[in-house]
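There are 2 protein chains.
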Amino acid sequence: MIETGARRRAIDEVASELFHANGYAATSVRDIARALDIQGASLYAHVASKEDVLWSIVDRAATAFEASAERAIIETPDADPTERLAALVEAHIETITANPQHSSVFVTEWRHLSGARRTTIAARRDAYEARFRSTIETGVSVGAFHAMDPAIASTFLLTALNGISTWYRPDGRLSPDRIADHYIELALHSLSEDHR
Amino acid sequence: MIETGARRRAIDEVASELFHANGYAATSVRDIARALDIQGASLYAHVASKEDVLWSIVDRAATAFEASAERAIIETPDADPTERLAALVEAHIETITANPQHSSVFVTEWRHLSGARRTTIAARRDAYEARFRSTIETGVSVGAFHAMDPAIASTFLLTALNGISTWYRPDGRLSPDRIADHYIELALHSLSEDHR
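Just so you know, the protein sequences line up as chains A and B, in that order. Its first residue numbered -19, the first sequence is counted upward by one per residue in this note's numbering. Its first residue numbered -19, the second sequence is counted upward by one per residue in this note's numbering.
Derived by calculation from the structure, the hints in this document are not laboratory data. Treat the numbers as computed from the prediction; the structure is a model and nothing was measured. Even glycine gets a Cβ: it sits at the ideal position worked out from N, Cα and C. It is possible that some hints are incorrect.
Said to hold, decoys possible - Subject to a maximum C-alpha distance of 20 angstroms in a straight line, what follows is the list of computed SDA-like cross-link-like pairs (lysine to any residue):
no.	chain 1	residue 1	chain 2	residue 2
1	A	LYS30	A	ALA59
2	A	LYS30	B	ALA5
3	A	LYS30	B	ALA6
4	A	LYS30	A	ARG97
5	A	LYS30	A	ARG(-12)
6	B	LYS30	B	ILE18
7	B	LYS30	A	ALA5
8	B	LYS30	B	SER8
9	B	LYS30	A	ALA6
10	B	LYS30	B	ALA110
11	A	LYS30	B	ILE18
12	B	LYS30	A	ALA1
13	A	LYS30	A	SER8
14	A	LYS30	A	ILE101
15	A	LYS30	A	THR99
16	A	LYS30	A	GLN19
17	A	LYS30	A	LEU93
18	B	LYS30	A	ASN2
19	B	LYS30	B	ALA42
20	A	LYS30	A	ALA96
21	A	LYS30	B	ASN2
22	B	LYS30	B	GLU89
23	A	LYS30	A	ALA13
24	A	LYS30	A	LEU16
Said to hold, decoys possible - Covered by chain B, per the in silico footprint, the following chain A stretches (three or more residues, Cβ under 8 angstroms):
no.	region
25	127 to 136
26	139 to 152
27	155 to 164
With the sequences and hints as input, model every part of the structure.
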């Protein structure tokens, strides 16, 4: 059982590297098997299809984003909208930088899921985005944020945040904490009421 | 000559749809030919390789972004950094919404170019981003924008802007002008000096 679990995780790691580098559509089960130095037939002992591998990666990344955002909310129960949004931005960046490849597959490749899996992930993405949107709505209603369209403001922020998964390098100029500092400042400024 | 030009443009249109939907790596010359209802061999009368088609789309999209930004700068010769940045954001959104598929291929698929073409596009992307970065630097130095890292601020803005190419729909809720209004406001707020 332990061996099977380890092999399954190795498949997800290798597959997320390939999906991240070349895209899901351009990656074959044979490519994944070759990168693991095993036969395609052996891979099918662990996964039923390429889409199963994508689902495993995307489901796990979605769970990581959700858990991190929930933790941010639970840890700041009395937060005002500004503090809550800062906590959500920080949690999002932590999740991306902890695993940029899984995050990038989640951000860009989830559309290749089909049927109920695609519907499920679309709904979970919407629910996740709703946390940002409702925090912005509350901020606008209490006057902490300037009047705006909360839906487009959350899209603006989340696309900027998700972009981190495409350019972040663990050996890059900025640590995850410094990126979070900068992005929290830019995000809060973008929403805050203009007092000039 | 005119017929050849028209066929060449049709190839780019169909290819950018396929690259946008499935990615460059997952699209074959045969897929492009099939979508045009011609033989693969006939396609090779017009293009030497799949990468030639990608180059044509990416080069044209890069030229569109550059021309639009240059126009914005020429048309606002006495602009302060706030006005200049607003003009650059507006120009960027106009270019994306005028041709979201070409823009999305430019944003996400250019990495599949090889050799000198890849180097050239990387340099043109850097030069384009430098317009945003230097405007932000000027804004910080004259006190119009708050103190920040101009490189990360321009990355933040450009990834948010480029995200439009993934979600924009011509029949969607917001017109290009309204999207530009919202994004200019969010972008300027994100940078502007906090006077509270």
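Results for each hint:
Pair hint LYS30 of chain A plus ALA59 of chain A does not hold up; C-alpha atoms about 42 angstroms apart against a cutoff of 20 angstroms. Between LYS30 of chain A and ALA5 of chain B the alpha-carbon distance is near 16 angstroms, which keeps this suggested pair within the 20 angstroms criterion. The hinted pair formed by LYS30 of chain A and ALA6 of chain B meets the criterion: a straight-line CA distance of about 14 angstroms does not exceed 20 angstroms. Taking the CA atoms of LYS30 of chain A and ARG97 of chain A, the gap is about 14 angstroms. The hint holds against a cut of 20 angstroms.
Straight-line distance between C-alpha atoms of LYS30 of chain A and ARG(-12) of chain A comes to about 13 angstroms, which keeps the hinted pair within the 20 angstroms bound. A distance of roughly 15 angstroms separates the Cα atoms of LYS30 of chain B and ILE18 of chain B; the hinted pair therefore holds under the 20 angstroms criterion. For the proposed pair LYS30 of chain B and ALA5 of chain A, the alpha carbon gap of about 16 angstroms is at most 20 angstroms, so the pair holds. Taking the CA atoms of LYS30 of chain B and SER8 of chain B, the gap is about 7 angstroms. The hint holds against a cut of 20 angstroms.
Of the supplied pair hints, the one linking LYS30 of chain B and ALA6 of chain A holds, its CA atoms being roughly 14 angstroms apart against a limit of 20 angstroms. Annotation: proposed proximity of LYS30 of chain B to ALA110 of chain B is violated, straight-line Cα distance about 30 angstroms (limit 20 angstroms). Proposed proximity of LYS30 of chain A and ILE18 of chain B is contradicted: the alpha carbons are some 31 angstroms apart, above 20 angstroms. Between the alpha carbons of LYS30 of chain B and ALA1 of chain A the distance comes to roughly 18 angstroms, so the proposed pair stays at or under 20 angstroms and holds.
Between LYS30 of chain A and SER8 of chain A, the direct Cα distance comes to roughly 7 angstroms. Compliance with the 20 angstroms bound is thereby established for this hinted pair. Our distance criterion of 20 angstroms between C-alpha atoms is met by LYS30 of chain A and ILE101 of chain A, whose separation comes to about 17 angstroms. This hinted pair checks out: LYS30 of chain A and THR99 of chain A have alpha carbons roughly 18 angstroms apart, not beyond 20 angstroms. Taking the CA atoms of LYS30 of chain A and GLN19 of chain A, the gap is about 15 angstroms. The hint holds against a cut of 20 angstroms.
A distance of roughly 10 angstroms separates the Cα atoms of LYS30 of chain A and LEU93 of chain A; the hinted pair therefore holds under the 20 angstroms criterion. Note on LYS30 of chain B and ASN2 of chain A: the hinted pairing holds, with a Cα-Cα distance of about 16 angstroms set against a maximum of 20 angstroms. For the suggested pair LYS30 of chain B and ALA42 of chain B, the alpha carbons sit about 18 angstroms apart, so the restraint of at most 20 angstroms is met. A C-alpha spacing of about 16 angstroms is found between LYS30 of chain A and ALA96 of chain A, which places the hinted pair at or below 20 angstroms, so the restraint holds.
Between LYS30 of chain A and ASN2 of chain B the CA atoms are separated by roughly 16 angstroms; this keeps the pair inside 20 angstroms, and the hint holds. Distance check on the hinted pair: LYS30 of chain B and GLU89 of chain B sit about 12 angstroms apart at the alpha-carbon level, within 20 angstroms; holds. Between LYS30 of chain A and ALA13 of chain A the CA atoms are separated by roughly 11 angstroms; this keeps the pair inside 20 angstroms, and the hint holds. A threshold of 20 angstroms between alpha carbons decides the hint, and for LYS30 of chain A with LEU16 of chain A the separation of about 14 angstroms falls inside it, so the pair holds.
Beta-carbon proximity to chain B at under 8 angstroms applies to 6 residues in the region 127 to 136 of chain A; the threshold of 3 is reached and the given coverage holds. Counting residues of the region 139 to 152 of chain A whose CB falls under 8 angstroms from any CB of chain B gives 7; the rule of at least 3 is met. Counting residues of the region 155 to 164 of chain A whose beta-carbon sits less than 8 angstroms from any beta-carbon of chain B gives 3, enough to reach three: the coverage restraint holds.
In summary, the structure is inconsistent with hints 1, 10, 11 from the numbered list given earlier, while agreeing with the others.
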